[in-house]
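These are the residues of each chain, in order.
There are 2 protein chains.
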Amino acid sequence: MRRCHLSAVLGLLLACSGARADEGMWLPAQLPQLAAQLKAAGFKGDPAQLNDVTRPPLAAVVSLGGCTASFVSPQGLIVTNHHCAMGAIQLNSTPERNLIRDGFIAAQRSEELSAGPAARVWVTVGFDKVTDRILAGARGKTGRAYYDAVDAARKAAVAACEAEPGYRCSVVEMYGGADFYLIKQLELQDIRLVYAPPESIGNYGDEIDNFMWPRHSGDFAFYRAYVGKDGKPAPFSKDNVPYQPPAHFTVSTAPVQVGDFAMVAGYPGVTFRHRTASEFANQIDWLLPNRVALLDGLIRTIDAATAGDPDKQVRYASTVASLKNNLKRAQGELDGLRRSDAVRVRREDETAMLAWLAKQPDGRRALAEIRALQVQLDAQQASRERDLILPFLRPGLLGAAVQIQRLALERGKPDALRETGYQQRDEALIEGGLKQLQRRYDPEVEKATLRFALKRYFALTPAQRLPEFDAVFGRDEAEAAQRLDALYAGTRLGDTATRLAALRQDAAQLAASDDPLLRAALTLQPALLRLEAESKQRAGELLRLRPAYMRALIAYRQSQGRAVYPDANGTLRVSFGKVSPLSPRDGIDYRPLTTVAGIVEKHTGVAPFDAPKPLLDAIARGDFGSTADPVLKTQTVDFMTNLDTTGGNSGSPVLDAEGRLIGLNFDSNWEAVSASWMYDPRYKRAIHVDMRYLRWLLAKVYPAPHLLQEMQLPAQ
Amino acid sequence: MRRCHLSAVLGLLLACSGARADEGMWLPAQLPQLAAQLKAAGFKGDPAQLNDVTRPPLAAVVSLGGCTASFVSPQGLIVTNHHCAMGAIQLNSTPERNLIRDGFIAAQRSEELSAGPAARVWVTVGFDKVTDRILAGARGKTGRAYYDAVDAARKAAVAACEAEPGYRCSVVEMYGGADFYLIKQLELQDIRLVYAPPESIGNYGDEIDNFMWPRHSGDFAFYRAYVGKDGKPAPFSKDNVPYQPPAHFTVSTAPVQVGDFAMVAGYPGVTFRHRTASEFANQIDWLLPNRVALLDGLIRTIDAATAGDPDKQVRYASTVASLKNNLKRAQGELDGLRRSDAVRVRREDETAMLAWLAKQPDGRRALAEIRALQVQLDAQQASRERDLILPFLRPGLLGAAVQIQRLALERGKPDALRETGYQQRDEALIEGGLKQLQRRYDPEVEKATLRFALKRYFALTPAQRLPEFDAVFGRDEAEAAQRLDALYAGTRLGDTATRLAALRQDAAQLAASDDPLLRAALTLQPALLRLEAESKQRAGELLRLRPAYMRALIAYRQSQGRAVYPDANGTLRVSFGKVSPLSPRDGIDYRPLTTVAGIVEKHTGVAPFDAPKPLLDAIARGDFGSTADPVLKTQTVDFMTNLDTTGGNSGSPVLDAEGRLIGLNFDSNWEAVSASWMYDPRYKRAIHVDMRYLRWLLAKVYPAPHLLQEMQLPAQ
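If you read the protein sequences in the order shown, they are chains A and B.
So that you can map any letter, position 21 of the first sequence is 21 in our numbering, and since no number is skipped, the others follow by simple counting.
Position in the second sequence counted from 1, then plus 1000, gives you our numbering.
Keep in mind the hints are simulated off the structure, nothing from the lab.
Computed from a predicted structure; not experimentally measured.
One should not assume that every hint holds.
Claimed, not checked - Using 25 Å as the maximum straight-line C-alpha spacing, the simulated PhoX-like pairs for lysine-lysine come out as follows:
hint	chain 1	residue 1	chain 2	residue 2
1	A	44	A	129
2	B	1312	A	312
3	B	1039	B	1578
4	A	324	B	1324
5	A	328	A	602
6	B	1324	B	1155
7	A	312	A	328
8	B	1700	B	1141
9	B	1613	B	1536
10	A	435	A	312
11	B	1184	B	1229
12	B	1455	B	1435
13	A	328	B	1602
14	B	1602	A	324
15	A	602	B	1324
16	B	1328	A	602
17	A	312	A	455
18	B	1155	B	1536
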């Protein structure tokens, strides 16, 4: 039986049997209409209560900016990931009192340590659709004008909202610009570190285990939020009092088992699930393989250019590490999307959607708009070879010269009109980067990377080449090699003082400079500004035209009895599913729960597998009390679900069928790297700290009985 | 209920409940007495028939020298591993007809290719205890005299046995010298290659998958043995006829499932399962950690000495690869033995044995002998630091000089009395090594490795240092560095012609040489000869005294109702157990059967994951016929059992409860590297090609219907 309640509200499509329960980063407002699926999945609460982010239980979920956290007591106690609290732990560490190494327990409130003046906790208090208000001035416009009208309306809405002190506001687009929401968040400013395990627990396995299963991290830490005596957000003060949140989670004392219902609430950053079939094909058949080849070639180029020279190797170590990380991610995403046959799957789905759309009353107009969108996407792809290579044509010192020229140009405008990244508040960061360059640059290596990138540039079609770049680098590899030698032999920017002096010059002074790199940067500038303008023009068109595609998709899914969640955009979302094993490859099964036995197995005594002695001793004693798993007869550590998460979900509360806190999300599995584009139920898993491990550590290993008491948890 | 039939025959202890069924490389003669365990494990055949290696079924199991194989037709058809047949495949490959890459199918007998004049198949026809004969002349002697007496008796027994043409004989010790067996083998000399899959099937995954699970190799090939028309072994001749073996295996057509009985018969090489507790402690607490540190340091030393110099890196690439392989093995063995807590387990077992022994009628005398053994072992361990480092003090060119001096010394004796490795038949090999050195040597790198090793040498206690080595290398690191510079600046052995000329000189000529490396080698020689003599003296004492320990162990196990198998020594053994999954680490389960899905998953198109197109196409078609697994609904590839195997078991037939061939052993898992010393039932697994995969390949992918017919197997 399939019953679908039709709703006129865009995106808030109703629960029908037929929807895939596991996939989806749902807007809270969609959840009451997914009641049937929630119930079928095992949820025992009232789905209607999930509707309002300003009331329990979702009001307990907060953003740390890039991470998620949640309240776990009426006295503002917050739990999140250890890696999300790392800044605060670092800030309070000294050689004498190394909180990273040793962990931290505030025995009483007065010992809680300020997480610093920049630390924030944002509590979402408003989540309202403002589509008409944002698009009112844009309708009828196209391209850059559309983009600018939307931008102006967004800024006005934010300014009006932030007129009330103590709040941060933002306008976010949903469904590719079909809808806009105004998000209002209470901005708590006095955040204090309450508890952190040693890094060798909180980050056990570090980079080696990153993205891996089985996992054995105790990736958690506690904060407490404070406010002024008037209950309003205030900077750190000894006189501040604990914030009393609108809601907090109860930590579960029940076991977690395979197949159990699980739900995660958090602030996922960005996904591309609803991109068009041509965007999928471009990503998988062109962009990722080419990015992999480019990064691989660049790494080899740097390796060859630094071989046998330890000084150069050190200078480029972090560059190479970052390139390798990007390469690994790109390869993982590519492997995953191929494994999921994503190009074909998405193409077949879109073809079916368009066929369905053609038969609908308003189908012709919608198809025309989708064709217009496709024209824009095709135009974008026409320069993809150039767009891929261009960032690599301004590395290190040349990049610094480009940045110096651009900042001088922007300084000629009122601050509010300067390009993002070149405003007054950005100048300190730019200066820091220019200083740091000294330790990360070698002219011979930089020339080698440029020769590598230029080889690809010279292979571009004439239409993709840029006269300004030709003017600087010449017409072919031989000419480029000579030009590069001259540029780097002549420049004085390699000297930090000279570079910083240039940063302080105005555009006219810089234009008069005879430094060959500054002159080259000035030559390149018009091309870079032109491309930027084209990009904004295209962004406007995509923002204008993509809603047609999304409306078609939503209507088509509605016809299938399925709801559509908007792609992740940093706003509060809920996913529900279950505790799940994984068969990552033929012949291998991953169990969904790990145990302390794995900590001992991985322990080598050398970081990142240097479990602290108190932990190893406690495991050896086997005294697990009420936190032991009744089936496994030992202490669990982490567990795995099929919940739909992405970057930004770190620290997110994982809830059981009763809405009690059973885990903290902290990672995904390697097989799910491709989930930014496609959720494949065979492979997508999320990795969580088991709250029973947290409870055991607080009870028996690094004791904090007062926190257990505050959370109304058993002492043992 | 425990019923043990006592037997006076040493080692042939009888089946009792209580024995661990999975562990054990049993002598065939022990099997009838393990009937109860065999039956309990699921064996449906008659254990009494396993007693005689010259009759069916074990007469079907043959040795290839380092590998095992088995007859699968009355016409001399033999199946073994692809990697065991690699020599024959290579020998018959040309650039135009690349059998390694493309595989090989002889469409008829006349197309079968000779495996070369050195290829052999050995059929065991005699397996007799000759303890009294071997020890008759040794009794009452000690040390070197004991060793020499045993050696003389062995040589005499072998000579008498080999008097009959067409046979190879050997005398092997069992239970550390408590027993000796005369093994007589028919030596088949005309071996021909019948079928080999492409390397990308036979060695799919190569080094990357080596020791790993899940596995997807089709590691099999077919030979056929030929004899003269008189039925006797003969070299290759067109007139030869297929050998008619005394037995052959029937290939199973039934599925393989987890828990199924399995039995393997083969020629395992060497194990150390019955070493004393002090030998276990020495291996795990001292030797392996120190070997790991030494190898790791040496690799770093070579890496540093070759950094930035591609020529040097190439010269030392194979040395480094071999060191890394040894390091990996040592680390794997160490990790495994620690995981199994082997020091403690063995110590507790031995302590209990000695306590039991003290209460036995003849216990005092046995304990005295065991104490004498311990004295020898202690003496051996007293110089362990030196014994570990000494081989690294004669690398490359210096090693060549030592070898040249030694060969000249040995040439002064009758050939039969020369030291093993320095006889006439070895000289070509020595010359080849001296030539090859040219591509594997650099004086600066060799000096760096010597400085590294000497640093450890100079840290030895005075008692362990050798005056001859001090004379050559000096008293400390500074002196050594100077000496090395002088040695390598002065030597002319770096020139191949000079080196080979030196090889042809006699001892007097060499003694007169002024080449500093040849002079250094001559100075070192007395020390090396002295250590060799000490080592033989000790070997004699261990051979004399170890039987007391083994007799005590056997008697003790008998009291526990358990039989004892002798450590592996290259003779025919049988192990039985079952098809078994594995949990290698917390959170991971390995399924015991892999499928063709894994071939596709691993396929990258680049070796060693370059599955050939006909295979990929056949998998895509999914046409698996009668070879498909009825439960998994697809084609299986490899499977895993808990059978007790080690190096030498490659190619061994794996049999089901009815004695039918279900698999070919080809590897162990990484967690079982430590099984040379201890069988840990939690981790020890053996990896086999599923005969159904072989049948499918022969039926549908690289067809050989005539071979299926010859084995009386279904065509599809």
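Practice item. If any of the earlier hints don't hold here, list their numbers in rising order. Key: 1, 6, 8, 9 and 12
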